[in-house]
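Chains as they are written, first to last, in our numbering: chain A, 1 to 174; chain B, 1 to 710.
Certain hints may be false.
The calculated lysine to aspartate or glutamate pairs, modelled on EDC-like cross-linking and capped at a C-alpha distance of 20 Å, are [stated by the list, open to error]:
| hint | chain 1 | residue 1 | chain 2 | residue 2 |
| --- | --- | --- | --- | --- |
| 1 | B | K377 | A | E9 |
| 2 | A | K135 | B | D10 |
| 3 | A | K101 | B | E40 |
| 4 | A | K27 | B | E279 |
| 5 | A | K166 | B | E38 |
Hints in this document: simulated from the structure, not taken from any laboratory. Quick caveat: nothing in here was measured; it's all calculated off a predicted structure.
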Amino acid sequence: MDHKTQKIELQRLYKKWPDIKRYLRSKGCLSTDAEDIFQEALIIYTRKCEEKDFQLDVAPFHFIKGICKFLWYNQSRKNKPQMELNEELTKLNVEEDWMQKELQFKKMEDVINSIGEKCKELLTSFYGLGLSMTKIAEKLGMRNDKVAKAQKYRCLQKAKELAASKTAASTENL
Amino acid sequence: MKRDNTKIIDQYLSGELSDTERIDFEKKLESNAELQKELELQRNIYEGAKRANTRNTVKSVGKKHHLINLTKWIIGGIAVIALIVSAVYFSMQLNSTSEKERESTTQLQIQLKSKELIKDLPREVFTWSGEDTIYLSESGVLISVPNEALLQNGQPYKGKAIIEWQEAVDGATIMKSGLSTMADSNLLETQGMFSFRVQAENGGLLEVDPEVGIYLQVPVDEIKPGMQLYKGEYDKDSVINWVNPVPLEKIPVPVDMSELDFYPRGYEDTLDKLKLSQEKEYRDSLYLACEVFEMESNDDQINKEEEITNTSNLAEHRIYDTLIEDTLYEYSENQEEVSAVDSIQYEKFNSIPPSKVLAFWNKKFNNTILATRNFEKRMREIHETCDESLLKLYTSNLDRPLYFIDSLAVTRGYKQFESFFAERVGKIELDNPHLNKLHKFYERGIKELREQLKLERERKAQQERKWDNEVTTARSEENVRTANRKAQAFQEEASLNHEHVRKQLGFTQNIKITKNTIIVNIDREVYAATRARKTTKVSFNGKTSVIKYNDFTLEVAKHKNFERLYVYLLSDKLNSYQRVGHKQGKVDYPLNDRITYDIVVLGINETGYFYHEIKQIKKGTFGEVKLKSISESDFEKRIITLNQNRLGRPMNIKDELAWLKLEKENYKVQRLREEKRKFLERVRKVVFPCYNNNGYKDILIEVFPTVVTE
Numbered sequence: 001m002d003h004k005t006q007k008i009e010l011q012r013l014y015k016k017w018p019d020i021k022r023y024l025r026s027k028g029c030l031s032t033d034a035e036d037i038f039q040e041a042l043i044i045y046t047r048k049c050e051e052k053d054f055q056l057d058v059a060p061f062h063f064i065k066g067i068c069k070f071l072w073y074n075q076s077r078k079n080k081p082q083m084e085l086n087e088e089l090t091k092l093n094v095e096e097d098w099m100q101k102e103l104q105f106k107k108m109e110d111v112i113n114s115i116g117e118k119c120k121e122l123l124t125s126f127y128g129l130g131l132s133m134t135k136i137a138e139k140l141g142m143r144n145d146k147v148a149k150a151q152k153y154r155c156l157q158k159a160k161e162l163a164a165s166k167t168a169a170s171t172e173n174l
Numbered sequence: 001m002k003r004d005n006t007k008i009i010d011q012y013l014s015g016e017l018s019d020t021e022r023i024d025f026e027k028k029l030e031s032n033a034e035l036q037k038e039l040e041l042q043r044n045i046y047e048g049a050k051r052a053n054t055r056n057t058v059k060s061v062g063k064k065h066h067l068i069n070l071t072k073w074i075i076g077g078i079a080v081i082a083l084i085v086s087a088v089y090f091s092m093q094l095n096s097t098s099e100k101e102r103e104s105t106t107q108l109q110i111q112l113k114s115k116e117l118i119k120d121l122p123r124e125v126f127t128w129s130g131e132d133t134i135y136l137s138e139s140g141v142l143i144s145v146p147n148e149a150l151l152q153n154g155q156p157y158k159g160k161a162i163i164e165w166q167e168a169v170d171g172a173t174i175m176k177s178g179l180s181t182m183a184d185s186n187l188l189e190t191q192g193m194f195s196f197r198v199q200a201e202n203g204g205l206l207e208v209d210p211e212v213g214i215y216l217q218v219p220v221d222e223i224k225p226g227m228q229l230y231k232g233e234y235d236k237d238s239v240i241n242w243v244n245p246v247p248l249e250k251i252p253v254p255v256d257m258s259e260l261d262f263y264p265r266g267y268e269d270t271l272d273k274l275k276l277s278q279e280k281e282y283r284d285s286l287y288l289a290c291e292v293f294e295m296e297s298n299d300d301q302i303n304k305e306e307e308i309t310n311t312s313n314l315a316e317h318r319i320y321d322t323l324i325e326d327t328l329y330e331y332s333e334n335q336e337e338v339s340a341v342d343s344i345q346y347e348k349f350n351s352i353p354p355s356k357v358l359a360f361w362n363k364k365f366n367n368t369i370l371a372t373r374n375f376e377k378r379m380r381e382i383h384e385t386c387d388e389s390l391l392k393l394y395t396s397n398l399d400r401p402l403y404f405i406d407s408l409a410v411t412r413g414y415k416q417f418e419s420f421f422a423e424r425v426g427k428i429e430l431d432n433p434h435l436n437k438l439h440k441f442y443e444r445g446i447k448e449l450r451e452q453l454k455l456e457r458e459r460k461a462q463q464e465r466k467w468d469n470e471v472t473t474a475r476s477e478e479n480v481r482t483a484n485r486k487a488q489a490f491q492e493e494a495s496l497n498h499e500h501v502r503k504q505l506g507f508t509q510n511i512k513i514t515k516n517t518i519i520v521n522i523d524r525e526v527y528a529a530t531r532a533r534k535t536t537k538v539s540f541n542g543k544t545s546v547i548k549y550n551d552f553t554l555e556v557a558k559h560k561n562f563e564r565l566y567v568y569l570l571s572d573k574l575n576s577y578q579r580v581g582h583k584q585g586k587v588d589y590p591l592n593d594r595i596t597y598d599i600v601v602l603g604i605n606e607t608g609y610f611y612h613e614i615k616q617i618k619k620g621t622f623g624e625v626k627l628k629s630i631s632e633s634d635f636e637k638r639i640i641t642l643n644q645n646r647l648g649r650p651m652n653i654k655d656e657l658a659w660l661k662l663e664k665e666n667y668k669v670q671r672l673r674e675e676k677r678k679f680l681e682r683v684r685k686v687v688f689p690c691y692n693n694n695g696y697k698d699i700l701i702e703v704f705p706t707v708v709t710e
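Just chain B, with the same shape it has in the complex:
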């Protein structure tokens, strides 16, 4: 790019070209794409410059806005501040001036009690009426002149006074005023120079009482470490020489605890993203809930259920031992799954326990170094270190300057605290009885919070245990019931078959006699056929009887949508209803030819019941069957009607329905429990940067099988 173009484009854009020059330029422009681009770029730069100017204005307005909001606490805090600076004749108030760190202030050099005000520098004048007053200068410097800050001839001055103020904060002003930045022969880097002079109403110069001090708070864009306060003295050539550097000690500004944020980084944002309540009470309690006690079992809820030892009512059906064993096996499998989820163990990891944060985040700690923006910043770092003892350094040294504690943190190897140390933030005076009280209050607070949390957890664990016991009891009852029902159904069906065979063979007794007079019990064949559900021929003496079983198959559409799926057979010959199993939604269960069946297919998931019924069949290949949603009461009504219509003494189905209802409820309970656990895990990962419970995921298994086959 040639410089010529820059100039001519600039002249063109600002209308400085003559007509001929302009036409000439426009011609060039038409044919020269490169030039067009350059013109566009230059225009953009103008806009960029305009914008940069507007941004400056907006930023300075913002800075002022935050400063003005601070005046309240300054007035409130003056008594404290005055004590702290008693040793320095003129102290700088250097603190975070707003919630934003980059608004922090610092100060460099100050010219005080100068006999001559700085030449060529505009002067601001304020009047002081003898009371605590705050002024805001043109560049946003906050000047606080407290009551009794001024002396006349060594005596406190009570009357009105005039304050003269000069400031040079940007390079241009400093140069224009011919201010030097020399300290003897060393060149200083400056962040601002100020002059301050007070005259009594009658014209005499006043002095600042070194016991009280005056406070300045200077907004800067960047905190530069190592900045010091210098006093300006004119040398013989009337050039200011900066002498007597004093390290700046920032005075921590007490802020109300309710305005501070001591949560770990990202905690609130995570909750905001999840659109969770913004109430502090809720957020505190969730934060506390993250606390992990060492080797904690998440809910102390390992249910060791007694094995089923009472098999007395099963003993009668010894013939079906295998059937019962299957059922018991199924039962014990379920138990293992439940207890595995409930026994999550937390390995020890370093963390800042929420109770130890919440215990001081309390208005009792207002007016201590903990209730400051400075500590808020440190707390954020403390969270990142996961070092509980680091927090203790601050909570147990409330009477020390922050920079002193920062230095302890640095010696422990936490480099990130060096920059805090460099800020040299001082202390807030506390009288000793108050300090002791606070220490006690803090310790008690931690204890109380932890006890409260333990109690709450115990209460919840008990609730969960109660529910789980209920479910377990219902399941064990259901298992016994199922075993009984299966046995009964089998026996009834076998009797039916038996009766049929005997009739056909013309028997009156249960034996057939062969030529060799061997007694054969036909029961065996009948039972075998009934168990296998296979068409079987029983022959004797030229006569043949057939026990006939017909194919019955169906497949439930989208069976995976249901957490549980059951197929009930309600027959017109057996008192007992039957519940048959399925594999992946497929049912294959040959039907006894001598019985007419009503079939009910039931799917359950958290949203409710899904139903299909087939009436009055002996056989059938039904292919895909679609279940339709049905209300709980409708479902109950239908199944009770079907059950009652089939024969004189149908088996009671109400217990079964109650159990189904409980199971349905339990899916929801378990899912919510699991979701809550996962949620807490998620928050824990935000709250504890050093937390990484990898084991947790592995232990997580599905609480319930999606398909149960019998």
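Excised from the complex, chain A in its bound form:
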């Protein structure tokens, strides 16, 4: 799916936001959290659809609603035993491991967000938008693609250090 089609699809799905909001609120989710959960579900939907062998068995709306349900219960850590939550995922054709990894990648977003605007823009343009180094150099006002590439390594290095220190910190806290 190219970027534009993706955006149109997301716009279409966003119209369902009031329904999802009502649904999440009925599950005891605060409205301030509800939109974060909804957006997270849209991300998961988009990413899952990008996988070649993924088969969507239910309507996109129901997929998103199911993911919202999973995310909310997972976040609030109450009422539902893990087993039941996983069943929820199986119904949606989503493997448990895949979901766990997604939650891990989500943490990486925090890392990407804390390495500075320029680095963030560079890495998301390259890995997310798939822009070429030449284009990126142009966009970010760098002399040429080589400069951009060297900068990319520096940004990656920065991200890795930050991620490692974060992991260390969270292990200490345990």
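Following the hints, put chain B in place on chain A, whose structure we already have.
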């Protein structure tokens, strides 16, 4: 971690390595756990970057979604907005763009009527047909060009026009276009730069009518205080210099009252968690029910029952005075318990009375500063302060700009209103007659709500009083009945014993004569034996008579399950039935050997009656007895049959049954009442952040004793 690894891992993952390099790397990887970890981490970072990109897209879609939903009210509100900005030639529309605060908008710098559009910046073009129109730019800026906003040579322009729009909202675009952020020699922090130019159909430049204005609404992630609107001017080196800063005044956007939420923080969530109705009407009425009037007695329901003074029908049984005293004591104890619960007093505490919120949360207040997202936010804080006078500042200054009222709040020492003040949200014009009407409407609304609440409470209190009186009356009747019954049973049993002794001793009269001719009344011994329920020998003149009592004990299994537990003895010799007491479910009541008894054990709780019967006994040690559930009608039938079968003139048991039924009902009534009180207390704690009625818990005592012993 070495930088080498980052590069080589990146090359490996993106397939940039030659075959030999790749094989070499994979070998290293196999034996190096550290490297494996690093590879994994780097992969995760790629995914994180991908995700961050997707999130950006989702967020921008979300922002647009909320903005588009706003266009409706913008069109509706244009006449009002135009008046407010009349002094500024170009005003920014800066408001909460959706229900989420972080979607709020602000604006920084604007370049207006520039002779030259900014170079190297893509241009968006809209056509304007001479009517109120809203445009949405690529980055989500809302541009509203109202009817009569444009002038040609100083005259209103009616024809078609072309709008040119440029925007630079992110750092990269700003830098690429070589836009400066200098105001003379000062560096500015920016949240966006825009250019706007309108041409008439025939090509001539049009001007914006300063009396009408054009509105921009710019979505930003973060509201930065102190942002101002600058005008851009090219200097001699063709660099833009930003001049003439104007503080941004946000125009409050009227929202329909029905879309706003003025409840205290957490109120709705608490009700949602309890799965209570989502109907606004219900939530409003519950919210109103939380209102506390000063030194209020919760239901004004202190029943001072008259003491039982009518003891005339007890007087006949003076011999059993102690028995009656016991009963009266029991009775008065119950009374104290009931009235203690009913006289909860509320100490004064600061709060925002629900009536004062509900009175303005009404469509009559649409198109006032109260019907705005801005005020909604403030209201949430006002609840937290518990300061009623703070609310009054806003409700009584409807014609003032919000930031002015915010400043008053700050001077009262509420620091949290500084950030509101910094937002500089302005006012909504109201003509004076309308304003007066609103003030009156508000005052009347508060009064009406409070009166309505008082009436409702009075009605409920009356209902409760009525019920309690009924129960009290039934109890006092029951007490008198019990005393009578006990007296009667005692007298009947004493007569029975008496008759037996006389027969055995061969007496015809109630006296025995000793050698010294002292007259002894054998009544005393017989009464003593009957009262003590002890086997007793009465001797005279070589003859001996025995009044025999046999052991009878049982223990009710799980007696704590029953709120009340009664043991009835139905004898074949006495007209009166007997109700005997128990201690913790244990019954120990010696039986008269000359009587055959049917025993009924009855447990009552809210769910119903529980029953056990033992037939035709004179004695027995029954150990644990299990009660079985029985329907009310079955229970009545059985006990009435047992009562009638035993002898010719059994004492009527119907009053007793009616009383039992009432008691059973009363447990439920009292429990529900108590639950309701506790529930309201719970909600009150959410609704009034400064409420802490600690005394309440201490006063709470159990309304009814679980076990009654006679």
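Status of each hint after checking the structure:
Straight-line distance between C-alpha atoms of B/K377 and A/E9 comes to about 33 Å, which puts the hinted pair past the 20 Å bound. At roughly 19 Å between alpha-carbon atoms, A/K135 and B/D10 fall within 20 Å of each other, so this suggested pair holds. About 12 Å separates the Cα atoms of A/K101 and B/E40, which keeps this hinted pair within 20 Å; it holds. Annotation: proposed proximity of A/K27 to B/E279 holds, straight-line Cα distance about 16 Å (limit 20 Å).
Between A/K166 and B/E38 the CA atoms are separated by roughly 14 Å; this keeps the pair inside 20 Å, and the hint holds.
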